[in-house]
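Starting from the given sequences, assemble the full structure and let the hints guide the process.
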Amino acid sequence: MRHLLSTGDLSRDEATLILDTAAELAQVGDRSVKKLPTLRGRTVVNLFYEDSTRTRTSFELAAKRLSADVINFSAKGSSVSKGESLKDTALTLQAMGADAVVIRHSASGAAHRLANWVDGSVLNAGDGTHEHPTQALLDAYTMRDRLGRLEGLRVAVVGDILHSRVARSNVLLLTTLGAHVTLVAPPTLLPVSVNTWPCEVSYDLDEVLPKSDVVMMLRVQAERMRDSFFPSVREYSRNYGLDGERLGRMPAEAIVMHPGPMVRGMEISAEVADSPRCTVTEQVANGVSLRMAVLYLLLGGS
Amino acid sequence: MRARKPTKGDTGSGVPAPASEVPETPDVPEGTRAVLDGNEINRALTRIAHEVLERTKGGEHVTLLGIPSRGVPLAERLARRIEQVEDLSVPFGSLDITMYRDDLHLAPARALGKTEIPAGGLDDRTVVLVDDVLFSGRTVRAALDALGDLGRPRAVQLAVLVDRGHRELPIRADYVGKNLPTSLREGVTVLLSETDGQDAVLLGPAKARPSPALPSPATALKGHASRAVPPSYRDPGSSSASSPGTGTTADSADNAGSKEGDA
Numbered sequence: 001m002r003h004l005l006s007t008g009d010l011s012r013d014e015a016t017l018i019l020d021t022a023a024e025l026a027q028v029g030d031r032s033v034k035k036l037p038t039l040r041g042r043t044v045v046n047l048f049y050e051d052s053t054r055t056r057t058s059f060e061l062a063a064k065r066l067s068a069d070v071i072n073f074s075a076k077g078s079s080v081s082k083g084e085s086l087k088d089t090a091l092t093l094q095a096m097g098a099d100a101v102v103i104r105h106s107a108s109g110a111a112h113r114l115a116n117w118v119d120g121s122v123l124n125a126g127d128g129t130h131e132h133p134t135q136a137l138l139d140a141y142t143m144r145d146r147l148g149r150l151e152g153l154r155v156a157v158v159g160d161i162l163h164s165r166v167a168r169s170n171v172l173l174l175t176t177l178g179a180h181v182t183l184v185a186p187p188t189l190l191p192v193s194v195n196t197w198p199c200e201v202s203y204d205l206d207e208v209l210p211k212s213d214v215v216m217m218l219r220v221q222a223e224r225m226r227d228s229f230f231p232s233v234r235e236y237s238r239n240y241g242l243d244g245e246r247l248g249r250m251p252a253e254a255i256v257m258h259p260g261p262m263v264r265g266m267e268i269s270a271e272v273a274d275s276p277r278c279t280v281t282e283q284v285a286n287g288v289s290l291r292m293a294v295l296y297l298l299l300g301g302s
Numbered sequence: 001m002r003a004r005k006p007t008k009g010d011t012g013s014g015v016p017a018p019a020s021e022v023p024e025t026p027d028v029p030e031g032t033r034a035v036l037d038g039n040e041i042n043r044a045l046t047r048i049a050h051e052v053l054e055r056t057k058g059g060e061h062v063t064l065l066g067i068p069s070r071g072v073p074l075a076e077r078l079a080r081r082i083e084q085v086e087d088l089s090v091p092f093g094s095l096d097i098t099m100y101r102d103d104l105h106l107a108p109a110r111a112l113g114k115t116e117i118p119a120g121g122l123d124d125r126t127v128v129l130v131d132d133v134l135f136s137g138r139t140v141r142a143a144l145d146a147l148g149d150l151g152r153p154r155a156v157q158l159a160v161l162v163d164r165g166h167r168e169l170p171i172r173a174d175y176v177g178k179n180l181p182t183s184l185r186e187g188v189t190v191l192l193s194e195t196d197g198q199d200a201v202l203l204g205p206a207k208a209r210p211s212p213a214l215p216s217p218a219t220a221l222k223g224h225a226s227r228a229v230p231p232s233y234r235d236p237g238s239s240s241a242s243s244p245g246t247g248t249t250a251d252s253a254d255n256a257g258s259k260e261g262d263a
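Chains C and Z are the protein sequences, given in the same order.
The end of the first sequence is residue 302 by my numbering, with every number in the run present.
The end of the second sequence is residue 263 by my numbering, with every number in the run present.
No wet-lab data here; the hints were simulated from the structure.
Just so it is clear, the structure is predicted and the values come from calculations on it, not from any experiment.
Warning: the hint list may mix true and false statements.
[Said to hold, decoys possible] Pairs of lysine-lysine, DSBU-like flavour, derived with a Cα cap of 30 Å:
id, chain 1, residue 1, chain 2, residue 2
1, Z, Lys57, Z, Lys178
2, Z, Lys114, C, Lys35
3, C, Lys34, Z, Lys114
Encoded structure:
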């Protein structure tokens with residue numbers, strides 16, 4: 001494995017190796033010395049063309065805990081605003097000796113293009129509406145951590161599937177790992193090609209909820225919407241929002257996940273977001289261990 | 001191999017050997033010969049347990065840390081021996097050193113082993129590191145680095161089942177099950193019932209592998225261009241490098257014959 005571009009590229013063994021490695025590295029976060037010398041002398045570039053606090057700081061912390069040098073590069077206030085292309089930026093970074101480039105870009109497929117231009121490893125940290133593999137991996141890690149298994153787990157992914165790279169990465173990864181995924185969304189927020197995805201589709205949240213071990217709520221990505229996809233926020237919230245009443249109808253041990261940032265009162269009520277069954281902050285903490293595992297497996301060897 | 005026929009349950013100290021279900025005659029693969037069988041391993045561990053107690057004046061502050069993969073069951077066995085001998089419960093755990101290795105860039109990234117530090121921590125304890133084969137000393141160096149990040153032991157000691165020589169660092173073991181002078185053309189394989197279904201130390205030809213030459217600076221700079229070292233390469237001194245079930249092989253390049261030394 002040289003790049004991490006899509007969860008669809010991962011075999012079951014590779015995905016399990018990443019999760020197991022993350023589980024061992026999670027111990028580092030509990031120690032007084034939260035640092036390993038593993039990637040000393042390696043350089044990781046965070047190349048962010050889209051705003052992101054959580055993912056960028058998570059990758060930065062993960063790289064620093066492995067003793068790598070980290071360069072943060074955001075498109076705002078850089079040569080990109082002067083008109084430099086992605087390829088030229090990539091070649092500049094390579095000339096500076098970057099061993100890995102973590103890229104977030106608003107265009108689907110940007111990470112794949114970058115992988116052809118640089119010698120180092122490319123980690124996809126979200127490309128347009130395509131994929132966000134480390135998010136899916138940390139979600140799978142959190143599920144396994146909380147529920148003890150992935151095989152046979154029933155996972156409902158609810159909300160804006162159309163604009164969600166998290167949903168696509170999760171469907172591919174969870175299917176590889178033996179879980180059953182059901183997408184729940186209004187027909188307007190499902191991609192045309194959804195029937196080719198290895199999962200089930202439902203338009204009725206109330207029907208799916210009692211049969212789910214994990215309910216993953218997605219944010220409605222208003223910034224990517226140029227048309228109206230549903231009549232009103234209130235109606236969306238009534239049909240597809242998770243509130244305390246719906247939470248009560250889920251199985252007792254079922255968990256609620258959200259990749260963040262949450263819009264309270266829209267897809268998730270404050271009551272659910274603050275409930276101990278909601279794993280949002282755990283997902284953030286697990287994200288660091290998971291990204292350490294990925295960086296180690298891509299850069300730690302020859 | 002010693003001429004004396006090993007007797008079942010004889011550990012040389014009157015302490016019953018718990019691993020008596022281990023077959024007396026090791027199942028030796030072709031081309032290798034057994035230099036220690038199950039009973040001899042038991043006796044060596046019993047002796048080390050006594051030595052640990054003697055040197056640490058009763059073993060009150062001792063914590064045993066095994067280095068994966070085969071150091072871990074050895075540490076556990078030592079803890080049980082000490083309990084039998086002195087009726088003293090000694091905390092034991094495992095210390096994975098993968099992230100501290102100095103040869104990570106020579107081979108593909110390997111899976112991590114378990115690190116489990118006993119509940120009391122390591123501060124002010126006498127930590128005895130336990131490994132199966134002591135060879136170049138690089139694994140022990142990495143373990144010392146790892147310990148430094150986990151706490152501040154009062155003292156660190158080293159116990160190994162086999163010392164095969166060829167040190168590349170100024171490191172020496174405090175407790176040795178057997179000194180085994182080897183040629184670098186030979187490989188030492190430790191089998192333990194916990195991981196391999198039988199107890200034995202085997203001496204055979206070194207596993208074929210290319211010279212562990214460092215990549216030239218030019219290729220090293222390119223990072224992924226330095227993939228020329230095949231995945232079969234393993235660090236000579238390490239037990240954690242081997243995959244489960246294959247036995248630990250410690251091998252490398254050139255020196256004296258295979259005269260057997262006694263511990």
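Verification of the hints:
no. : hint                  : in the structure
1   : Lys57(Z) to Lys178(Z) : holds (23 Å)
2   : Lys114(Z) to Lys35(C) : holds (17 Å)
3   : Lys34(C) to Lys114(Z) : holds (17 Å)
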